[in-house]
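Enquirer: Residue numbers (the working numbering), protein chains in the order written: chain A, 622 to 1096; chain P, 21 to 122; chain W, 67 to 237.
Rather than coming from a laboratory, the hints here were simulated on the basis of the structure. Remember, predicted model here, so these are calculated numbers, not experimental data. Watch out, some of these pointers could steer you wrong.
In silico SDA-like cross-links for lysine to any residue, where the CA-CA straight-line distance does not exceed 20 Å [to be verified]: (1) W:Lys-195 with P:Lys-109; (2) P:Lys-109 with W:Leu-114; (3) A:Lys-770 with P:Glu-116; (4) W:Lys-92 with P:Glu-116; (5) P:Lys-110 with W:Leu-142; (6) A:Lys-770 with P:Thr-111; (7) P:Lys-109 with A:Asp-971; (8) A:Lys-770 with W:Leu-143; (9) A:Lys-985 with A:Ile-1071.
Taking beta-carbon pairs under 7 Å as the criterion, some of the chain W residues facing chain A (in silico) [as the list claims (entries may be wrong)]: (10) Gly-180; (11) Ile-212; (12) Leu-220; (13) Leu-231.
Even for Gly, the Cβ is constructed at its ideal location relative to N, Cα and C.
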Amino acid sequence: MPQNNYEYFLLMPQLIIAVGIVLSVLIEITTKKSEQILPWLSIALFVAAAFDSVFNINQNFVLFGGMIEVGGKPAIFNFIFNIGAALVVLSSIDYLKKYGTYYGEYYILVQSSVLGMMVMSGAKDILMIFMGLELMSICFYVLAGINRKKLSANEASMKYFLLGAFATGFIVYGIALIYGATGTTSIQNLVENFVTYSSNIIFVLGFVFFLIGFSFKIAAVPFHMWVPDVYQGSATTVTSLMSTTGKAAAFSVLMIMLSAVFSGASNVFRPYFATISALSMLFGSIVAISQTNLKRMLAYSSISHAGYMAIGLAAGNLFSVAGIIFYLAAYAFMNIGAFTIISIVEGENDSKTDLNSFAGLNAKSPILAASMALFMFALAGIPPLAGFFGKYYVFISAIQSNLTWLAILGVLSSVISVYFYIRVVVFMYFKGSVEDFEIQISPYSLTAVIITALLILVFGILPDTLMNVITSVIR
Amino acid sequence: MSSIPMEYYLILSAFMFSVGVAGVLIRRNAIVVFMCIELMLNSANLTLVTFSSYLGNSIGQVFVFFVMTVAAAEAAVGLAIIIAIFRNKKTVNIDEINIFKW
Amino acid sequence: MNIQIILFIVLASVAAVSSVVMITRKNAVISAVFLVLNFFALAGLYLLLNAQFIAVVQIIVYAGAIMVLFLFVLMLLNTETEHKLFVDKRAIKFFSILVSAFVFVQVAYLIFFGHPSRTLTPDEAASVKAGTIQAIGQQLYTNYIIPFEIAGFLLLAATIGALVLAKKKFE
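Let the hints inform the model, and build the full structure from the sequences given.
Expert: Structure representation (structure tokens):
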């Protein structure tokens, strides 16, 4: 129970979104023009929640009898989720008309999924993780298939739903075994007695089931089979939401569950993470080479990025936490930028997402080509852009934990991945236009692109300042 | 309760969980696959209730309550998705929907 | 043999057999009916475990509401291709059974190996108390109030989602 009203004040970011959802439902019911009001309401809510969490970043407390943590690490995650979602909503305004789903419900579902993510990142009880995860996932299942007239969207939604629910089964069974071994669902207790529990075979078994379920959610090999189809079949803005903020939320949960490891306990699960990260990095980078559809290519690239981030989980030291958070933030913004540009170029019925549609983009729109090139360089990890520092910090943390082989594999697969990222740039600048079509640049989407591009540059120019903020918070 | 060893319940739930996993992998009808997932959730519920009862604390049963809520929500959304795909494709067979394509 | 053990054997075998029957029937409606049977057996097991509230909810919510929804959709869609519902390829079937057998053997082995009951001293009175509506309600509205609120948002989102996906004339 809340000790005093101050607890509600500290929970403000979550409450803003929660009240916003109810308000949006009321607007949706009462007005006819909800699809014009709701995007701006959502953006206002997201920005308010993001800045509220950042301003209260030093107010690090656990509220409601050990249920939810505010301030500190969750505050950084809330910032990533909310700003990411605000950018996605900004880029959806005109895209949804083109896509044929000009509904107000879209924005309510985006808000609900963000609420789920915020619950996950602040969870201090396994039940909170579960509820947040399900709130987020159910919204994503629906968002993936929001255009129910389109078969590709239906299939994407169905694949995502069946495999997501399958993963949920593993997660619940894992939680059941963890509960049996520990007698409680409190994460505080789990962190304090992690060393004792890791000799309990039932606990380790439950934890492995839990990790398998979450490997589905972060899209790591060998649990990746849904990723390419779902990312390609869903609406582009929805893909950008679930590939960035959804992944960040899943990683935040893994970091919460493993926080004992990060503060010094021996990492029992290192072989597991090392394996999935090595497989994901190499598989994602190699298969992406043969893709000609940009959405599908970015899906495989998202698999390999999950691999790079999992290096940090395998390393399991305090520096790797900061590295993963920095990487997630950088990845979120560069991916949202890239997907927003795809959503601008995309035509009706999922057309114009091929590499050929981007040929000669520079002649059609120099600003789009330039920012796409920036995002591709950042995703490839070319210094001095944000993506480079993300990888750099994670690799350093691996070397600190004597996982040099994993860092070398990471560098190797980054080198492979440069090929398919640079190919996009080559198509845009050095090839003549193959398909003749006009690009209708929406001012809202363009604003989103410019904001993300600026964020990437800031992250690249001032990595140390941001890392200092992150490290000071996680201590 | 105490005359039955706890392991019996746990083995039963492990068995049901494995049957659920096998069902998800074998069956091709999307609705049946979803029912197999419900079976997996129920076996997890059995584990939770067993532990809760033998530990003598009610947290596990509270958890089961939430799992049931989630299962109901998932059923509503999942069946809506299946109906949406059936309207367009006139089938709920996963093979024709190409679910495990590379 | 006391009555509890007999009840356990009966209910557990019903649960196990009905789950196997459920995944091997070609007709989806029969599968659903066997799943309902499985849920009833589980409700009986919950009663044996002194979890009265969960047992009742299991029947009302799971067997009563969720499975009726499943059956309703099955009847509504009335899929014709039932003879093809099983995997034709032997390799996949074999692989699937292998995977699940592996999962089962591993979990079962570890459960026996881990001796969960040896570290626990079952207390009948505490167990009865834990399963009452009072105990669960008290937890739900004090410690677990935030997840409870989240469950409300979850159901709201699911309602909106189902509406978006399945309503006939949306515009």
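Enquirer: The structure should be examined with respect to each hint, and the outcome stated for every one.
Expert: Status of each hint after checking the structure:
For the hint pairing Lys-195 of chain W with Lys-109 of chain P, the CA-to-CA distance comes to about 52 Å; that exceeds 20 Å, so the pair is violated. Proximity of Lys-109 of chain P to Leu-114 of chain W is assessed by CA-CA distance (about 46 Å); at most 20 Å being required, the pair is judged violated. A C-alpha spacing of about 18 Å is found between Lys-770 of chain A and Glu-116 of chain P, which places the hinted pair at or below 20 Å, so the restraint holds. Taken as a hint, the Lys-92 of chain W and Glu-116 of chain P pair is honoured in the structure, with Cα atoms around 17 Å apart against an allowance of 20 Å.
The hinted pair formed by Lys-110 of chain P and Leu-142 of chain W meets the criterion: a straight-line CA distance of about 12 Å does not exceed 20 Å. Proposed proximity of Lys-770 of chain A and Thr-111 of chain P is supported: the alpha carbons are some 15 Å apart, at most 20 Å. Only pairs whose Cα atoms come within 20 Å are accepted, and Lys-109 of chain P paired with Asp-971 of chain A is accepted, the gap being roughly 18 Å. Restraint check for Lys-770 of chain A and Leu-143 of chain W: the C-alpha separation of about 18 Å stays at or below 20 Å, so the hint holds.
At most 20 Å may separate the alpha-carbon atoms for a hinted pair to count; Lys-985 of chain A and Ile-1071 of chain A meet this at roughly 17 Å. A hinted interface residue such as Gly-180 of chain W counts as satisfied when its beta carbon comes closer than 7 Å to some beta carbon of chain A; here the least separation is about 4 Å, so the hint holds. Annotation: interface hint on Ile-212 of chain W holds; nearest CB of chain A at approximately 5 Å, less than 7 Å. A hinted interface residue such as Leu-220 of chain W counts as satisfied when its beta carbon comes closer than 7 Å to some beta carbon of chain A; here the least separation is about 5 Å, so the hint holds.
Nearest Cβ of chain A to the Cβ of Leu-231 of chain W: about 6 Å, under the 7 Å cut. The hint holds.
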